[in-house]
Amino acid sequence: MKGHDHTVDSKILNFLKQKYNIISIIEFTDFDCDYDILEQWLEYNSKLTFRHNDRFVITHFDTDYYIENRYGITLNNFFRLWKKYNIPMYTMFFYTNHQGISAEIDNILKYNDINDRPTVFETIINRLNYPIDGHKENDTNVNSINYHGLFLAAGNQRSHRQALYNKIKHLYPNKIAASIKRNTQ
Amino acid sequence: MTLITLDPKVRVNDEFITERNIVSCGKINNDIKHKILNDYKSNNRFRADFYKYIALDIVNETVFHYPYPYISEKTLRPIAEKRIFILLAPKNTLNFLHSIGFKSFSDIIDESYDTVDDPELRLLAVADSIKKFCDIDLEEIKEYMIQNKNKFEHNFNLLSNYRDLELSRLAQIIEEPK
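Residue numbers (the working numbering), protein chains in the order written: chain D, 1 to 185; chain C, 1 to 178.
In case anyone wonders, no lab produced these hints; they're calculated from the structure. Source: prediction; values computed, not measured. Watch out, some of these pointers could steer you wrong.
[Said to hold, decoys possible] Cut-off 25 Å, straight-line C-alpha distance, at most; resulting in silico cross-link-like pairs (BS3-like, lysine-lysine):
(1) C:35 - D:169
(2) D:175 - C:52
(3) C:52 - D:169
(4) C:131 - C:103
(5) D:175 - C:35
(6) D:175 - C:151
Take these sequences, add in the hints, and give me the full structure.
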């Protein structure tokens, strides 16, 4: 959607292109809870007829706000808007790292024709998570080990990271090596 | 069309502290950077030389109180670097890794945290496992890692081949009649 490399693994995308006519790719991070952006994309891509092998690839590797750990707000809003523009569900290839989310999607679409459902592919592989190509393999070298553990929390603020560190901070720096940023006062 | 939105925009429900308030989510007092991380400059998420200095990666996954196992590069990195790992992650994330063929280290890490439903109690269980691990003599841990080299190699090889496995699975999914 934007002029950036999407997160679909390249070999998986090439495989999909062999099987389908990929019309467009959109990532949940592209609209990032700004539903005007999503609506513009849906409006641009909606049309009267779709061929049997037309597909949109939807990448879903972003986190969602869950109410009571069972209702994903962004996910539900996404499907509501998709239905609004009457794009057939079968054209959706939903590529996600949320293991088990197929059940939630099935529930959202429970009144949809069973023959008009997205293909949901739950996987741990995407271009950002799996840059194993070119990774230099290390031996299981233990000679340099001087510390028991490593604690990295230099990304987005998350309460679970702060809470765990508060429980183990007495182990820093002699047993646990840590890098912490943006989770501080 | 009625949509549910949050203002300000929030992309994850980070509030898992219950009324019991067992854990403290108070912000950490200072930014911290251990000396082994001082020279780290790599842009490659899987190329981190400082892994050679540590035995256990405490994986602080993107989400914790979340309905699904959620695997990011944070979980895959210790597998690529051949290190022991413990997961501060949604319930059953470790079980999920087992289900797709990865091995873990239950003989040196108490992994019972993975199935604890209550998020506060699960976090406490992770903290306890870390503390128990840190009570083990480092030389004993190194010996364990040498004795279990096959486990690290298995995980690394599985990760290296995982994309091909996923392509085969994807082919089956696409060919499956609906």
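Against the structure, the hints:
no.	hint	result
1	C:35 - D:169	holds (16 Å)
2	D:175 - C:52	holds (14 Å)
3	C:52 - D:169	holds (22 Å)
4	C:131 - C:103	holds (22 Å)
5	D:175 - C:35	holds (13 Å)
6	D:175 - C:151	holds (24 Å)
When the structure is compared with the earlier hints, no violation turns up for any of them.
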